[in-house]
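Engineer: Listed below, chain by chain, are the residues.
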Amino acid sequence: MNSATENPGIGHEIAPVTYAITRESIATYSRYAAGGNDAGNIYTGDEAARRAGLPHAVAQGRYPIGYMSECAFAFFGAGWVQGGRIDVNLIKPVYPGDFITVCGIVSDYRSVAGGTRITLDVWLENQHGERVTAGWASGLVPADKQPTLNMPVILPPTASVRNHKSQPRLY
Amino acid sequence: MRRNFDYGSIRIGEIVGRKDILITDELIRNCAHAIGSTHSWYLENSPFGGRIAPPTIFDNETLNMLDAQFESCGGIHAEQAWEFEYPARLGKNVTITLTVADKFFRYERPYIVMRLTAMDEDGITLCRSTHTARMTFKTGTAH
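Chains as they are written, first to last, in the working numbering: chain A, 1 to 171; chain B, 1 to 143.
It is worth saying that the hints were derived from the structure and are not from the lab. Ideal Cβ placement from N, Cα and C applies to all residues, glycine included.
In silico contact screen, one side only, chain B against chain A (beta carbon under 10 Å); selected entries:
| hint | residue |
| --- | --- |
| 1 | N30 |
| 2 | W41 |
| 3 | P47 |
| 4 | P54 |
| 5 | P55 |
| 6 | L63 |
| 7 | N64 |
| 8 | A78 |
| 9 | E83 |
Not the full set, but computed from the structure, chain B residues with beta-carbon under 7 Å of chain A:
| hint | residue |
| --- | --- |
| 10 | I35 |
| 11 | S37 |
| 12 | H77 |
| 13 | E79 |
Generate coordinates for the entire structure from the input sequences, incorporating the hints supplied.
Structural biologist: See below:
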């Protein structure tokens, strides 16, 4: 089960997804982010990164948040693109060569107009078991499980991050 | 002429910039490709009356607009929040507005909080982003 519409209980873990962070994937994101003007920045150039005090090039902080959003989209469906919320702290850098796993666990349910808001504790974990980004995400599950238009939403409280021990699958 | 990225001169509440973005096929494809997604709602059709963009499609605009206004700006991305209200649809014009929501010191280091809002041509608010960064260059009175 990996869908918010299947009534996952508190503590349910979403299916973890692991992404390989490579120089090419960072460059692809950087080309998109900079409209093709991606040369010589701290994401694509080791020298530029060293001048900024980094050991070598790093991934953009917002880049793996896109992965978190896609996993939340897979879980919540329409209730993510219409009513989704995410708030995360970027804790550690992500480097080329890292394997980043998107993890999440259901931490709260709340009835709202037209359905239920489900909150997840979410985090990104690297291959060393370190959390590099962590926070919470929530989405709406409409009562009829269909997309609804301009439904009012209620913000959830910040949730705490919990332990996660399941084995990720490689994406 | 771009201003210095200076903690002291940046005012809370000031509008950093506005820009219009047309949601094109190329934009959706490039964004989806960058985050490794082939979701059918992005590339084929969705329940929202056509293709939609990945919800984080505007995630670079905060820095792009900051860079357009400030000289030598830099920062370490510390926190990111999104509120997705409605998806951006293919063919729609979207107006992005970036404001300075807050600035503060934490452990004697200067931080800036940028609030981005996106509204489409029909007046629908699409999303809000809150991007918190530690300023790393030209911090003025910070040090």
